[in-house]
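Number of protein chains: 2
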Amino acid sequence: MSELQEDTRVEPAGPGRYEGALTDRWVIGAGLNGGYVMTAVARAVQAEAVRPHLLTMTMHFMSRAEPGPFAVEVERPRPGRSHETLVARLVQDGAIGVAVATCGERRPGGPELRTLDPPDLPSPGECRTRTRPADPGMTFLDRFDYRYPQGQMDRIESGERHEPRYEGWVRLVDDDFDEPAVCLLADCFPPPVFGPMGLGYVPTLELTVHFRGDPGPGWTAARFESRVLSGGYVEEDGDMWTSDGRLVAQSRQLSRFTPFD
Amino acid sequence: MSELQEDTRVEPAGPGRYEGALTDRWVIGAGLNGGYVMTAVARAVQAEAVRPHLLTMTMHFMSRAEPGPFAVEVERPRPGRSHETLVARLVQDGAIGVAVATCGERRPGGPELRTLDPPDLPSPGECRTRTRPADPGMTFLDRFDYRYPQGQMDRIESGERHEPRYEGWVRLVDDDFDEPAVCLLADCFPPPVFGPMGLGYVPTLELTVHFRGDPGPGWTAARFESRVLSGGYVEEDGDMWTSDGRLVAQSRQLSRFTPFD
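Quick note, the sequences are listed as chains A and B, same order.
Letter 232 of the first sequence, counting from 1, is numbered 232 in my numbering, and no numbers are missing.
Letter 105 of the second sequence, counting from 1, is numbered 105 in my numbering, and no numbers are missing.
Next comes chain A alone, as it looks inside the complex:
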């Protein structure tokens, strides 16, 4: 079983209740990465759902998740027909997160439109791997292989201020992304606000993922961009693509941003 499968596994523990344990392999600065935590909640939602696919899921993060046992309590407020909406609470020391998800099934064969393109990246082999010393405060980064275009990597490493956008390839070191893991994928790049603003705390208040297609095996191409930081809050939009150019997901989150001084 891969690291992610192991660390987001849930077991049924009564009607609508699932239990598991978060681990310290997904620490990013001050706490566990939000996309990692959301992946565990998504597994509980998918275990409870009758419809086969997650279509859209939003999680609000109320308090920091800690490594250790958790429960997810899933409710279905109304029986679904073609769509099914579920509400999930993540519980550690009381409720620490709330998610709402709608599940259903994509139906190919209808009209298609695409005015958004994948990022224009060199192949993963032509991109730079980020090498870095082991850091107990950033275990998260050891779970992925990231490949950034050379110019972007130079800007990251030099600390030069740059536009609030990151593009690159990513994969888990020991697994492919499955559908719940798209929540993790949507939150696995550095916050783009670091580009123009430098490093800071960026706790996620809310993360929404639109699941637009099955994640592919191997490399995923991703683009994350922030456009407005105002009043202490910044949004981050993401789009994620299979290596053969199919859209996997669109994501948007809202975070607080407090610069390190």
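The set of hints was computed from the structure by calculation and includes no laboratory data.
Keep in mind the model is a prediction, meaning the values are calculated, not measured.
It is possible that part of the hints are untrue.
[As the list claims (entries may be wrong)] Per the computed footprint, the stretches of chain A lying under chain B, defined by three or more beta-carbons under 8 Å from a beta-carbon of chain B, are:
1) 83 to 94
2) 220 to 228
[What the hints assert, rightly or not] Okay, the calculated beta carbon distance ranges per label pair:
3) B:134 - A:176: 53 to 63 Å
4) A:198 - B:174: 45 to 55 Å
5) A:261 - B:82: 16 to 26 Å
6) A:17 - B:12: 41 to 51 Å
7) B:116 - A:82: 32 to 42 Å
8) A:201 - B:174: 15 to 25 Å
9) B:116 - A:198: 16 to 26 Å
10) A:107 - B:174: 34 to 44 Å
11) B:214 - A:107: 36 to 46 Å
12) B:134 - A:115: 28 to 38 Å
13) B:66 - A:157: 56 to 66 Å
14) A:82 - B:66: 51 to 61 Å
The C-beta atom is built at its ideal place from N, Cα and C for all residues, glycine as well.
Following the hints, position chain B against chain A.
Frame of chain A; chain B shown alone:
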């Protein structure tokens, strides 16, 4: 009291419970507009919240709302410090919608960033008003004054296929948008997917609004765009601006799309 204030008013009806009545002044094709319904839910959330401002709110629409009485049941899963998350169920014939909102307070004076600009529009006076016959199936459109640039209006009226984007000015006929009404604002333009695809049913599964600044008086400039229709689902992103160029909100929704014919 304005039409919108009247038609989204809620009264306390027990702990965490609010009641009101939806009206047929907000009908758009097959049912009540989702942003209108969400505005009523947002009023209940704001009435229950301790923190002063909505920051981010997501609503999942499970079943069609009908004109007539409704209740909103609001829970606070965990006491908040700087942020407060509330879960709200919209009830008519059982639960028909679920929303999650995080409330807090924007803090001016910190670092600011903006790489997104308002749409480049002629003044409202230089834009075209949309005139149309009264239509009992589209009472919604009578609630607003829309002003579109001439070229865009020509394309709408001629039915010529065009890019999946609408930009223009909008205001309520008898009121300014207040904070909960930003949910309505985020859903008050024609679906951009109509541009390339022609008319169809576009029921919203989920609508997320990031509240980025206070709505201004009078005209609001808005841009709505869809980029990917696939498997029967289409997203729609919006950004909304005061007439003096401050960002009011960013929105994103996921909808089914079924063309007429």
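Okay, the hints, checked on the actual structure:
1. 83 to 94: holds (count 5)
2. 220 to 228: As far as the segment 220 to 228 of chain A goes, the hint holds, because 3 residues have Cβ atoms under 8 Å from chain B.
3. B:134 - A:176: 53 to 63 Å: holds (55 Å)
4. A:198 - B:174: 45 to 55 Å: Given about 47 Å between the Cβ atoms, the range holds.
5. A:261 - B:82: 16 to 26 Å: holds (19 Å)
6. A:17 - B:12: 41 to 51 Å: Since the Cβ atoms of residue 17 of chain A and residue 12 of chain B sit about 32 Å apart, the hinted range of 41 to 51 Å is violated.
7. B:116 - A:82: 32 to 42 Å: holds (35 Å)
8. A:201 - B:174: 15 to 25 Å: Between residue 201 of chain A and residue 174 of chain B, where Cβ atoms are some 44 Å apart, the hint is violated.
9. B:116 - A:198: 16 to 26 Å: Holds, at about 21 Å.
10. A:107 - B:174: 34 to 44 Å: The hinted range 34 to 44 Å holds for residue 107 of chain A and residue 174 of chain B, with Cβ atoms some 41 Å apart.
11. B:214 - A:107: 36 to 46 Å: At 41 Å between Cβs, range holds.
12. B:134 - A:115: 28 to 38 Å: The hint (28 to 38 Å, Cβ to Cβ) holds, given that residue 134 of chain B and residue 115 of chain A are roughly 35 Å apart.
13. B:66 - A:157: 56 to 66 Å: Roughly 58 Å apart at Cβ, these two residues keep to the hinted range, so it holds.
14. A:82 - B:66: 51 to 61 Å: violated (19 Å)
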